[in-house]
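A.B. asks: Letter by letter, the chains look like this.
There are 2 protein chains.
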Amino acid sequence: MKLLEISRPSRPQTDYPEHTLLTPGPTPIHPRAMKALTRPMLGHMDEEVFKLNRAIQADLREMYGTAPGAFTALLAGTGSLGMEAGFANLVEQGDEVLICANGSFGRRMAEMAARYGANVRLVTAPLGEAINPGDVADQLGNAQMVAVVHGETSTGVLNPVPEIAEIVRRSGALLTVDAVTTAGMEPFEMQAWGVDYVYTGAQKCLSAPPGLAPVAISERAFARFAARRQPTPLWYCDFEGLRGYWLEQTYHHTVPVNLHFAFAEALRAALEEGLPERAARVRMMGAAITTALTPLGFSPYVRREQDRLPTVLALRLPEGLDDAAVRKELRKREISITGGLGPTAGLIWRLGLMGEAARPAPYRILMSALEDILNAPGLVKRFEAALER
Amino acid sequence: MKLLEISRPSRPQTDYPEHTLLTPGPTPIHPRAMKALTRPMLGHMDEEVFKLNRAIQADLREMYGTAPGAFTALLAGTGSLGMEAGFANLVEQGDEVLICANGSFGRRMAEMAARYGANVRLVTAPLGEAINPGDVADQLGNAQMVAVVHGETSTGVLNPVPEIAEIVRRSGALLTVDAVTTAGMEPFEMQAWGVDYVYTGAQKCLSAPPGLAPVAISERAFARFAARRQPTPLWYCDFEGLRGYWLEQTYHHTVPVNLHFAFAEALRAALEEGLPERAARVRMMGAAITTALTPLGFSPYVRREQDRLPTVLALRLPEGLDDAAVRKELRKREISITGGLGPTAGLIWRLGLMGEAARPAPYRILMSALEDILNAPGLVKRFEAALER
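Sequences listed follow chains B and R, in order. Just add 710 to wherever you are in the first sequence, counting from 1, and you've got the numbering used here. Just add 710 to wherever you are in the second sequence, counting from 1, and you've got the numbering used here.
Be aware that one or more of the hints could be misleading.
A pair counts as met if it fits within one copy or between any two copies, since identical chains are not told apart.
Unchecked claim - Within a straight-line C-alpha distance of at most 20 Å, the following computed SDA-like cross-link-like pairs (lysine to any residue) qualify: (1) Lys761 to Arg721; (2) Lys1042 to Phe760; (3) Lys745 to Glu728; (4) Lys745 to Pro727; (5) Lys1038 to Glu758; (6) Lys761 to Glu728; (7) Lys745 to Asp725; (8) Lys761 to Lys1038; (9) Lys761 to Glu1044; (10) Lys1091 to Thr1000.
Hint data in this document are derived by calculation from the structure and do not stem from the laboratory. Keep in mind the model is a prediction, meaning the values are calculated, not measured.
From just these sequences and the hints, can you work out the full model?
C.D. replies: Structural data, given as structure tokens:
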């Protein structure tokens, strides 16, 4: 007992200052969501919570552009659980699954699908390039499911989901889409495109606290689920249990009600602002940042303009810039930005433009710090001028 | 689009009053945890968060009474995910698993183990009675794992985990324990008893917000995991990914940092109060409530005193009491208590005495309301007198 007490780490600091979070997630929490977090506690089976859940479901239909009355819900976990729930419920031993893998989240999809028994085939693309829909058509074969990441956080690439969906729909395969860095900020049209399962993470484009994965599930997906030969191993996210709680108010497991409170406010704020307005805001911010940084030698990492993911701005660093040293200096000033991953480490920065991060205020803080650290007079002025345009 | 807007439910009420939550979970949030929820946002890979995580891990070792340096962590989901992660990582196709099932959570364990391929056998007990350790010994056979719910929330029964553990340890099988209604409030000695996997839910005995499942995993369990023939389907809670994030600070998935902030405070508050002091507090509260209600015809539902779970007080209702009507009237006054489940519906109440619910203040509110609703003068006076003892 004494031994344990001695080995306990010193108490962590809990009164640290406000932080400027410009990473590809989590994002700064929306003020309305932050306030809702501390609403009086209720149980997961209370009528007030069910009423709130129904409002969330309706708002999610709008965000995802679903068919009228389509099933939507929050999974009680982060975005990766949203990814896993799709494969767990819709894939069975021996199923053929084609996965578009041009970054680390596409590869994560492949690993999960394989764990649930799929024969996985990959459509790839060179790093920093989008998946070519023609490649999907060529490799489709007898795939029962195709899965694609809409916005690859790891490289800042936007995959052409509408074009891929058109090909998949003709084949009868299900289409699973990872909308983690897009839904709520970029247009998403589940019904019009023909998507069967889509998920995101609360802490990305909606600036709600992490811990929830909003999903939408098509009737076709439910039909596939109903035809399973075996129940899914994943009891926690079993579509039947999920439907029971969200449609029939039957107990499945406790849900994180405080996160529901916050999520509902963040989603409402997004819809009140307007999804087209949010998409325009991201583009305006991305253009202003790029304009301001270009004279210092920064350049877009993703070559083709249509392949660039607006919500994660991937910029190639100028020759000679010491990535680690600059980010460390920024961190000292309570500013977080993110570098590359794997092969792009040290070569790029990934600037988050999701939700509340896509605002002039936090980027003013970054520009001002960079002007000082990089000894680059005029940076703030250029940024302000670009915002005016 | 218009159609969707018309069908959207009316905005839910968000300014409801403070609520008295006396259910078997979630519990009223600890004030320190509530305050921590709105701490400035950080990323899941920030050093401040890793430092906080290490403090949480050390405190969890103390709460669970683990071996020095044993692995502890928070799963990013509710208690049922804690249950599932144990079977997902430690069971493989064809394994023999013996499950003590004397309530709905024991039966949930059996369903999960089967989904992960186990040959499940059950040890049962009559409703409202504890598992007999002799029955476990008789049925142990070649089981590779035994699983038991420490406190059955559904019936208010405490199972004799130390006695069961002694039998299991001799056999070489792994022992999984559901400590959802016990850990943090009742003594738990993972190392001394010989438990290999234990979990709870943040919103139970610790009065933190729901959405986290604190777990502890023994070296024996990790050895079993390392010897798997196939990776677990459950990528999200894969022990290797978990160990990577919690020990080596490598990215696995985003964690709900706001919930970590709150959880750390709630756990610290529990350890500062002292686990023996908390166990005494629950017993004092349970005795006072029982003393106050007995003259009205309430009586303990669980026959044998040693089988009674102190944190969920199951009381048989007096003849003629209209369960639904009384609870509805309480709910109008913003007080939630819970009735029976399945065969005990309408026959019992289950009063939550976990964490912040086990305080005189919220039960004063209940007693005062019951004195009025049941027209039972003297109830509050009896309760106060019993608290004095």
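A.B. asks: Look at each hint and say if it fits the structure.
C.D. replies: Hints, one by one, checked against the model:
1. Lys761 to Arg721: between (40 Å within a copy, 8 Å between copies)
2. Lys1042 to Phe760: So Lys1042 and Phe760 pass the 20 Å test across copies only (17 Å; inside, 44 Å).
3. Lys745 to Glu728: both (16 Å within a copy, 15 Å between copies)
4. Lys745 to Pro727: Result: close both inside a copy and across copies, 18 Å intra and 15 Å inter.
5. Lys1038 to Glu758: Between. Shortest inter-copy distance 14 Å satisfies the 20 Å Cα cut-off; intra-copy 46 Å does not.
6. Lys761 to Glu728: between (34 Å within a copy, 18 Å between copies)
7. Lys745 to Asp725: both (19 Å within a copy, 12 Å between copies)
8. Lys761 to Lys1038: between (46 Å within a copy, 18 Å between copies)
9. Lys761 to Glu1044: between (39 Å within a copy, 16 Å between copies)
10. Lys1091 to Thr1000: within (13 Å within a copy, 72 Å between copies)
Violated hints for the displayed structure: none, as all numbered hints are satisfied.
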